[in-house]
Structure formats: structure tokens, C-alpha cells
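S.K.: Here is how the chains run, residue by residue.
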Amino acid sequence: MNKRKLRDFIGTKLMFTVTIFASLLFFAIFLILLYKSIFILETQSIAELLFSSLWNPEKGEFGLYPIIIGTILVTGISLIIAIPISLLSAVYIAEYAPGKIRRVIRPFLDVLAGVPSVVYGLCAFLFLVPLVKDVIAPWFGIESTGLCILTASVTLAIMVFPIIISLCVESFSAIPIELKEASLSVGATKWETVKKVIFRASAPSIISAVLLGFGRAFGETIAVNMVVGGIPRIPSSLLHPGQTLASLIASAYGEMMSVPLYESALMLVALILFVVVLLFNVLAVVVLRRAKRRWSY
Amino acid sequence: MIKKSDIHIHIETKNLNVYYDNNYVLKNVNIEIPTKQLTAIIGPSGCGKTTLLKSFNRLLDLRDNIKTSGEILVDGENIFDSRVDVPDMRKKMGLLSQKPYPLPMSIYNNVAYGLRIHGKKNAKELDSAVKHYLQEAGLWNEVKDRLHDPASRLSVGQQQRLCLARAIAVEPEVVLCDEPTSALDPIAAQQIEKLLLKLKKEYTVVLVTHTLRQAKRLADHVVFLYFGKVVEQGPADEVFNNPKDPKTKAYIDGDIS
Chain A
1 MNKRKLRDFI
11 GTKLMFTVTI
21 FASLLFFAIF
31 LILLYKSIFI
41 LETQSIAELL
51 FSSLWNPEKG
61 EFGLYPIIIG
71 TILVTGISLI
81 IAIPISLLSA
91 VYIAEYAPGK
101 IRRVIRPFLD
111 VLAGVPSVVY
121 GLCAFLFLVP
131 LVKDVIAPWF
141 GIESTGLCIL
151 TASVTLAIMV
161 FPIIISLCVE
171 SFSAIPIELK
181 EASLSVGATK
191 WETVKKVIFR
201 ASAPSIISAV
211 LLGFGRAFGE
221 TIAVNMVVGG
231 IPRIPSSLLH
241 PGQTLASLIA
251 SAYGEMMSVP
261 LYESALMLVA
271 LILFVVVLLF
281 NVLAVVVLRR
291 AKRRWSY
Chain B
298 MIKKSDIHIH
308 IETKNLNVYY
318 DNNYVLKNVN
328 IEIPTKQLTA
338 IIGPSGCGKT
348 TLLKSFNRLL
358 DLRDNIKTSG
368 EILVDGENIF
378 DSRVDVPDMR
388 KKMGLLSQKP
398 YPLPMSIYNN
408 VAYGLRIHGK
418 KNAKELDSAV
428 KHYLQEAGLW
438 NEVKDRLHDP
448 ASRLSVGQQQ
458 RLCLARAIAV
468 EPEVVLCDEP
478 TSALDPIAAQ
488 QIEKLLLKLK
498 KEYTVVLVTH
508 TLRQAKRLAD
518 HVVFLYFGKV
528 VEQGPADEVF
538 NNPKDPKTKA
548 YIDGDIS
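Going down the list, the sequences are from chains A and B. According to this note's numbering, numbering within the first sequence proceeds without interruption in unit steps and concludes at 297. According to this note's numbering, numbering within the second sequence proceeds without interruption in unit steps and concludes at 554.
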């Protein structure tokens, strides 16, 4: 074998090895989390852990229900705020904005998408928390410290905007101009074209963008930790504090490890995060395949 | 033989200039496109044929960096006038593009798309209209059992006929065709050509083509464009058999391309 072919052979094998290694990490992480959570699963049933509202680690009570609710609320509300605003903004940038504005806005969005989350957390703590405490909560006649579900949701929404906008602008811009011409030339208005053609044609990318946004919101740890209040109780309103799964791990890990089973409980929380993200990815694959079949052009 | 006074002019450009970035694409174009005839715009690639075609229904508005001056009169009305309702004006001008672009929806909905936009909502009316225009486009028999399949699953030739059905479904007055057969195999291309010959009885057809033979087969009227300038225009037999300009003669003889 000459040198060139040898290099090609070694290169191929090397790429194969690192790829296998990277994929094995998936199983490794899953098994470690599972192994570490077994201790708590031996003492309590999974149903009890997921649906009990009692969270008192010192007494050996590890009911995750309030934290799961907190996570669903924070993630859900942040996406409800972020998705429509992001889509409208992305449509504006891709379809309506003059070329100059587009060229100026896009780099800003890309930078925003890359800003570390702790910076968002800090800004939220300095501006959003007082706003909620002094302005928004009094409107509703509720007393709030400002550290609450709403603040965390808005913070996450702001963090998710640039990702969804950036990905959607990219996919809207990738739609061939001829497809828009086809719609416009039967007398459709721009908005009709956006609604019925552009949104559909880019449905797979919109779904991917939203899922990526979901991943960021669902798994966000530090920014949420700074503003959510960190109390593992079911919030009686959005202006009350709560806790999320990811934020719980960050705030508890390493602190109260002397409490029996606490570490194992946190590992279970990590396992839940892992499994949910996995399920959403599987769902994404299925949904994307269907969307691509129905709305291809 | 048609007398000149009998010919009604449907589209007319007056000193039309188009700049794309710093390129001067169309230079002082003055042409007349007669009603219910097939006008072929011929000329070498890159001479501005497509730009000219897309200026007729203001599709150039979609692109940044394009500047236009002059007038385009459709039925005597300047389409650049600020009082013109652009979507309504575009509805009068169907478009068939170089490569078929079915909308991301079913075969049925592709044809119904324009109808729904313009207010036809009744399911029975839509059904019969969709059938009618698919028949007009010679596609009905091939798709009648799978109207609700995604349009993207049709062959390219079928897609192009679907695009034609979609275009004529809103009853335009003009059909603008931008090299509609260039992506098709010979048989599919022949089907489109036959349809165009049928269409010109009811519509004004403007056909951009770079195949001279296609222009000879189909055109009643010819515009020869060379580097953004109109070199010659007139009835097809005059331009093809008796070109006045040496450049036209050279192009027709295949000496320049």
C-alpha cells in the first residue's frame, strides 16, 4: 500500500472511531444516570416520586411534582411568548425589510444567540425582577418578590428569540423566489403568500427551530436559577416563585450531599431531563418526516 | 392576413429601463404585444428576456437593487402608477416559470389556491372549477384519482401543466411564460407547446424562449432582444423570413448566440 492510500485508510478508521466514541457517550450518560438513580427508585416508586408534592429531602421525601409543574409552566409560557413574536419578526426580516435593514439586524441576532445565559440571567435580575415586583405584580394586586415563574418565563423567551428568529430567517430566505412569484402572480397579497406558502414551505425548519428553542428553555439552568425563586412548591400564581428541574440540580448539587438519597434524587432529575429531551427529538424526527412529505415543493 | 389596424395592443412598454445593481439590463425598451396572439421574446441568454417578462407584472419588485424607469401599459394603464392595485394587476397576468414550482400543498389545492384567494369558497364550485382547469391543462385524466396527493409527487412535466392550470384558474388575460419547456423532456415539452397554441385563442401569450425553433413553431409576433436592446420586432414571418436588421439575420442563421 502506498502512502496516499495508507493515509486514506487511517483517516477513514480514525473518523469511524471518534464517531463511535461520540455516539457511545449517549449510552454512557444514560447508564450512569440510571445507575445512580436506582438507589432512590429502590426506596420509592417512580409514580410516587413524580406525583407527590412533598419535597423535604431531610425527611427523605422527594416528591418532584411541584418542580415538574414549575418546569412545564416556565418552558411552556416562554415558548408561548417567544414563538409568535419570533415568527413575525423573522417574516419581517426575511420578506419585508429592505436589504439594508436586513444586513444590519442579522449579525445582532447571531450575537444575541451566542450570549452566555448567565448574562441574560444577570440582566433579568437587574431589570426584570424589579419591574415585576414594583409594577406588574401590584397591577394584579399580588405581592411578589419579582423572583417568580413569570420572570423566568420572560427571561427564557428573550433567550429563545434570537435562536428561533435566526433559524427561521435562514429558512424563509432559502425559499426559492420563484415559489413566491408563483403565489403572487395569481393575485395573492404578500401576507397571503407568507401565510399559505412561506410558512408551509418552511414548516420543517420552523418545527426544528421551535424544538431547538424548547431545548434551550427546558434545559436552561443558570438564568432560570437566578430569577425563578427556587422554591419547590406549586406556585399559586405566575407571580409566585417556583422551581425547575434543571435549576434544582444547579442549586442543590454539592450543597446537601450529606442528606441520604439526595444525590440519587438529583440524578433521577437529570435522568428525567435526559429522557424528555430524547423523547422530543424522536418526536421531532417523526413530525419532520410528515411535514416534509406534506409540504414539499 | 391580419391588417395592422385590426391588431389590438395589450401590453406596451415605453422607454423601459431596468438596472440591476450596476448592470444596465434593459435599455430603452419600446415594444408592443398584441392581444390574443403568441408573442415570442427571443435572444441569447442573459440578454434580459426574463427581466423584461417579469417586469410586466412587477415581479421585479421582489428583488432588492433593481431600479426601473419608463412605463408599461397594460390595457392602456401604466402599471407603475401608484393607484394600481398590484395584486389585482398580477391576477390578470398568469405566470409559467422556467422550472415548475408547485405550491407546497395538494394537487387540488394548487389549482384552488387562487380561486379561494379571490373569494370562491363553495366546495362544489371549487370541485368543478378545479376539474375544468385541470382538463384545460390536459392533466385531469392523470391526476383525477389522486387530487389530494402533494403536488410535488408529480413528474416535472405534470408539475408544469399543474402550474399552468393554477395560472389560468384565476382567469388572467395574459399568460407570461419564461422558457416553460427548458426543464422538460421532449414529450412533456411538446404537450406544453400544444397547450400554448390552444391558450393563445383566449389569452395573450408572451413566451420567452431561447430555442429559435420553438419560436418559429409557435409565435405570431416576435421581439428580438440583444444585450438589453430591442433589435427588431414584428410579425413572426417577417422577422424570421425577412429580417431587417443584420443582427437579427445573424441570430436566426445561428451566427451569433
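Certain hints may be false.
[To be verified] Derived lysine-lysine pairs resembling BS3-like cross-links, with alpha carbons at most 30 Å apart:
1. Lys-311(B) / Lys-292(A)
2. Lys-195(A) / Lys-396(B)
3. Lys-418(B) / Lys-190(A)
4. Lys-428(B) / Lys-195(A)
5. Lys-292(A) / Lys-396(B)
6. Lys-544(B) / Lys-190(A)
7. Lys-196(A) / Lys-311(B)
8. Lys-190(A) / Lys-364(B)
9. Lys-396(B) / Lys-190(A)
[Said to hold, decoys possible] Chain B is nowhere near these chain A residues, computed Cβ spacing over 10 Å in every case:
10. Ile-69
11. Tyr-92
12. Leu-112
13. Ser-296
[Unchecked claim] Cβ-to-Cβ under 8 Å is the rule here; a few derived chain A residues that face chain B:
14. Glu-143
15. Pro-176
16. Leu-179
17. Ala-182
18. Glu-192
19. Ala-201
20. Arg-294
Hints in this document: simulated from the structure, not taken from any laboratory. Everything numeric in this text was worked out from a predicted model, so none of it was measured. Glycine residues also receive a C-beta, built at the ideal position from the N, C-alpha and C atoms.
S.K.: Now, for every hint given, state plainly whether the structure supports it.
M.R.: A quick look at each hint next to the structure:
1. With a C-alpha separation of about 45 Å, the suggested pairing of Lys-311(B) with Lys-292(A) is violated against the 30 Å cut-off.
2. Of the pairs offered as hints, the one joining Lys-195(A) and Lys-396(B) holds, with about 23 Å between alpha carbons and a cut-off of 30 Å not exceeded.
3. Proposed proximity of Lys-418(B) and Lys-190(A) is supported: the alpha carbons are some 20 Å apart, at most 30 Å.
4. Pair hint Lys-428(B) plus Lys-195(A) holds up; C-alpha atoms about 25 Å apart against a cutoff of 30 Å.
5. The hinted pair formed by Lys-292(A) and Lys-396(B) meets the criterion: a straight-line CA distance of about 20 Å does not exceed 30 Å.
6. Of the pairs offered as hints, the one joining Lys-544(B) and Lys-190(A) is violated, with about 42 Å between alpha carbons and a cut-off of 30 Å exceeded.
7. This hinted pair does not check out: Lys-196(A) and Lys-311(B) have alpha carbons roughly 36 Å apart, beyond 30 Å.
8. The hinted pair formed by Lys-190(A) and Lys-364(B) meets the criterion: a straight-line CA distance of about 20 Å does not exceed 30 Å.
9. The suggested pairing of Lys-396(B) with Lys-190(A) holds, with an alpha-carbon distance near 22 Å, which does not exceed 30 Å.
10. Its beta-carbon lying about 38 Å from the closest one in chain B, Ile-69(A) satisfies the requirement of being farther than 10 Å from that chain.
11. Every beta carbon of chain B lies more than 10 Å from that of Tyr-92(A), the smallest distance being close to 15 Å; the non-interface claim holds.
12. For Leu-112(A), the requirement that its beta carbon stay farther than 10 Å from each beta carbon of chain B is met, with the minimum near 24 Å.
13. Listed as outside the interface, Ser-296(A) is inconsistent with that label: its C-beta sits roughly 4 Å from the nearest C-beta of chain B, within the 10 Å cut-off.
14. For Glu-143(A), the suggested interface contact is broken, since its CB lies about 51 Å from the closest CB of chain B, more than 8 Å.
15. With a cut of 8 Å, the hint placing Pro-176(A) at the interface with chain B holds, because the nearest CB-to-CB distance is about 7 Å.
16. For Leu-179(A), the interface hint holds, since its Cβ comes within 8 Å of a Cβ in chain B; the closest pair sits about 5 Å apart.
17. The criterion of a C-beta within 8 Å of any C-beta in chain B is met by Ala-182(A), whose closest approach is roughly 5 Å, and the hint holds.
18. Because the closest C-beta pair between Glu-192(A) and chain B is about 6 Å apart, less than 8 Å, the hint holds.
19. Interface hint status for Ala-201(A): upheld, as the beta-carbon distance to the closest one in chain B is roughly 4 Å, under 8 Å.
20. For Arg-294(A), the interface hint holds, the least distance from its beta-carbon to any beta-carbon of chain B being 6 Å, beneath 8 Å.
Comparing the model with each numbered hint stated earlier shows that hints 1, 6, 7, 13 and 14 do not hold.
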